[in-house]
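Participant: Protein chains in written order, with my numbering: chain D, 1 to 367; chain R, 1 to 367.
Honestly, the hints are just simulated from the structure, not real lab data.
Given the structure is predicted, the values throughout are model-derived calculations rather than measurements.
Where is the CB? At the ideal position from N, CA and C, for every residue including glycine.
There may be inaccurate statements among the hints.
Once the Cα atoms are required to be at most 30 Å apart in a straight line, the calculated DSS-like pairs of lysine-lysine come out as [said to hold, decoys possible]: (1) R:K207 to R:K323; (2) R:K345 to R:K325; (3) D:K326 to D:K304; (4) R:K247 to D:K162; (5) D:K345 to D:K318; (6) D:K304 to D:K359; (7) R:K162 to D:K247; (8) R:K162 to R:K201; (9) R:K162 to D:K162.
Where chain R lies over chain D, by a calculated footprint (3+ residues, C-beta under 8 Å) [unchecked claim]: (10) 27-38; (11) 151-164; (12) 215-227.
There are 2 protein chains.
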Amino acid sequence: MEEYNLGITCDMHVHVREGAMCELVVPTIKQGGISLAYIMPNLQPPITTLDRVIKYKETLQAISPDTTFLMSFYLSKDLTPELIHKAAKLNAISGVKCYPAGVTTNSASGVDPNDFSAFYPIFKAMEAEGLVLNIHGEKPSMANKNDTGETEDIHLLNAEEKFLPALKKLHNDFPKLKIILEHCTTEAAINTIIEINKDIKDISEVKVAATLTVHHLYLTIDDWAGNPINFCKPVAKLPNDKRALIKAAISGKPYFFFGSDSAPHPLMNKARHVGVCAGVFTQSLVIPYLAQVFEEFNALDKLKDFVSTFGLRFYNVKETDIKSKKDTIIYRKEIKVPEEITDEKGTIVVPFKAGDTLKWSVKFQST
Amino acid sequence: MEEYNLGITCDMHVHVREGAMCELVVPTIKQGGISLAYIMPNLQPPITTLDRVIKYKETLQAISPDTTFLMSFYLSKDLTPELIHKAAKLNAISGVKCYPAGVTTNSASGVDPNDFSAFYPIFKAMEAEGLVLNIHGEKPSMANKNDTGETEDIHLLNAEEKFLPALKKLHNDFPKLKIILEHCTTEAAINTIIEINKDIKDISEVKVAATLTVHHLYLTIDDWAGNPINFCKPVAKLPNDKRALIKAAISGKPYFFFGSDSAPHPLMNKARHVGVCAGVFTQSLVIPYLAQVFEEFNALDKLKDFVSTFGLRFYNVKETDIKSKKDTIIYRKEIKVPEEITDEKGTIVVPFKAGDTLKWSVKFQST
Numbered sequence: 001m002e003e004y005n006l007g008i009t010c011d012m013h014v015h016v017r018e019g020a021m022c023e024l025v026v027p028t029i030k031q032g033g034i035s036l037a038y039i040m041p042n043l044q045p046p047i048t049t050l051d052r053v054i055k056y057k058e059t060l061q062a063i064s065p066d067t068t069f070l071m072s073f074y075l076s077k078d079l080t081p082e083l084i085h086k087a088a089k090l091n092a093i094s095g096v097k098c099y100p101a102g103v104t105t106n107s108a109s110g111v112d113p114n115d116f117s118a119f120y121p122i123f124k125a126m127e128a129e130g131l132v133l134n135i136h137g138e139k140p141s142m143a144n145k146n147d148t149g150e151t152e153d154i155h156l157l158n159a160e161e162k163f164l165p166a167l168k169k170l171h172n173d174f175p176k177l178k179i180i181l182e183h184c185t186t187e188a189a190i191n192t193i194i195e196i197n198k199d200i201k202d203i204s205e206v207k208v209a210a211t212l213t214v215h216h217l218y219l220t221i222d223d224w225a226g227n228p229i230n231f232c233k234p235v236a237k238l239p240n241d242k243r244a245l246i247k248a249a250i251s252g253k254p255y256f257f258f259g260s261d262s263a264p265h266p267l268m269n270k271a272r273h274v275g276v277c278a279g280v281f282t283q284s285l286v287i288p289y290l291a292q293v294f295e296e297f298n299a300l301d302k303l304k305d306f307v308s309t310f311g312l313r314f315y316n317v318k319e320t321d322i323k324s325k326k327d328t329i330i331y332r333k334e335i336k337v338p339e340e341i342t343d344e345k346g347t348i349v350v351p352f353k354a355g356d357t358l359k360w361s362v363k364f365q366s367t
Numbered sequence: 001m002e003e004y005n006l007g008i009t010c011d012m013h014v015h016v017r018e019g020a021m022c023e024l025v026v027p028t029i030k031q032g033g034i035s036l037a038y039i040m041p042n043l044q045p046p047i048t049t050l051d052r053v054i055k056y057k058e059t060l061q062a063i064s065p066d067t068t069f070l071m072s073f074y075l076s077k078d079l080t081p082e083l084i085h086k087a088a089k090l091n092a093i094s095g096v097k098c099y100p101a102g103v104t105t106n107s108a109s110g111v112d113p114n115d116f117s118a119f120y121p122i123f124k125a126m127e128a129e130g131l132v133l134n135i136h137g138e139k140p141s142m143a144n145k146n147d148t149g150e151t152e153d154i155h156l157l158n159a160e161e162k163f164l165p166a167l168k169k170l171h172n173d174f175p176k177l178k179i180i181l182e183h184c185t186t187e188a189a190i191n192t193i194i195e196i197n198k199d200i201k202d203i204s205e206v207k208v209a210a211t212l213t214v215h216h217l218y219l220t221i222d223d224w225a226g227n228p229i230n231f232c233k234p235v236a237k238l239p240n241d242k243r244a245l246i247k248a249a250i251s252g253k254p255y256f257f258f259g260s261d262s263a264p265h266p267l268m269n270k271a272r273h274v275g276v277c278a279g280v281f282t283q284s285l286v287i288p289y290l291a292q293v294f295e296e297f298n299a300l301d302k303l304k305d306f307v308s309t310f311g312l313r314f315y316n317v318k319e320t321d322i323k324s325k326k327d328t329i330i331y332r333k334e335i336k337v338p339e340e341i342t343d344e345k346g347t348i349v350v351p352f353k354a355g356d357t358l359k360w361s362v363k364f365q366s367t
């Protein structure tokens, strides 16, 4: 049977929430073929203390003992350099997530993307500890006037591109800080990441990387207009952007790797005429979704790098931190995307491409 | 009290459907401050016969005797030059609506926008009769490859701009045919209409005009992303496009006038996670919505031209065709947009800006 061994698979951008939704979603990490998940801290309130991040990890580990969880803090004024150092020494976190205020789900406690200087002591501590700064790279929308009174439009389509100068400045100011531009959606962002890495000679030198989701390899604006189930932030952009993302994913460049940004929302928060929640739920089938795209572009041989090698290396994941040593195997067997996933309490989450048939299935296998 | 007389007001792009929805919506034309409505023919099946257009008009007239209805055919292979001549002689239609296949609600019977030549005999008859060709000016979305194998992306954001060469060709081939580019949404379209009319010396010379909706004077992509109630086709575009539309509306140029494209959909077809119906319902308050924008841009003195003079002139509406000679007056009195409008059968339609307070009210007054 046609099979590919993907090694220890990583999803470096995962939202699993709390409570009933958490219990529903955490097991789908493994179902989707993922061994290791980097967990985002945008709970309500966000995770900014050692106590909470340790307890959150224990909760997740209890639900799914085989899954390896890397944890994160939410960048805010509650953090101190001392806390960063302490959390790093305890191996309690692998990174800190930066949300510009107001751009996505639970980002109200975020930072002003026009001025990161208040957080420079934090970044300095992170740089020293080798922690990763995960950035949601969008500027908040703004029409007509910028600070100097000139016309400058920022809207959902250019919000990421408008953020790129801030990314470059951060890298210049902290050249050894590991930074990830999360869930890239534009050709402009891909080009910037390539430009920043143009002198890289070895994977060990990569300091600025980007995660790519799987749904952005499928979607453009036409797919979410009128289909709230495909609405996420950053929004899927134009066909040239999608082509650039696919090209990056299959490029074999070590600074592009997988982060699903899978974000579960109850169906009732999707099927609304106003205030639809942003997020696409891909977790339960991430590897089959990815395999399908990689096969379409004759790049199945590049999938292991994208979902395993590059992410493990960038995060410097140690063998001893991995809970299960089983490799993820994809094999050619059709699988139908369920119309919905539910728990016994009646929470309904509709997965990406519900009802479609995918070409690859997934299993774990001891090496 | 502060008042403005807007004359005989026209909404030159109205969808009123059939059956219960028609009974609910037709009275809102007058409620919204409109005397004369140009009625679109995209019923199921579309209107392509004399018999149906006459009966449809009778139905509408029975519901709202004071409203003046201008009627239209749906451009399709069912039409013949003979039918066009006959319908014109009987004053049964004022124009013919052209829908590119597949771009909006009930457009499956539409035409191929890459080749109008099959309809040239129809256009010739329309030109001779002084009928108006109403065009939904969008190309269908298409990624990657065009007919010649080159990469050409057409998506929701550039679909209108990609149509503009076809508009120019039509005007060149039928320089005396009256054409309206309906519900313009882009700066590119506005610039094209201005360019086509650059040598116009008198309003009577205008052959190519554009209608502008009121919701596109308010919305950009950020407003419909996550808010299906604001989702329509063509989709609202970017801030520079919105500024160009407002500038055109208040310009006093006789080739820009009002057509609401108000499109009622039951709430259950808006609050969906997939397959949301495209259309914004503005009918019941079109004049108050418009007055608010015109006031914001210090252009209330231009509102009468936009909603009355220019449209009446382009369509060459005769005094004798107007059912009610009452003028529409706006006066400064706050009015709250209802959360929904309903009929006794339980059909719910949510109006644009539901729950907001508008600054201008509307009444009719004998002259």
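Participant: What hints, given by number in increasing order, does this structure fail?
Facilitator: 2, 5, 10
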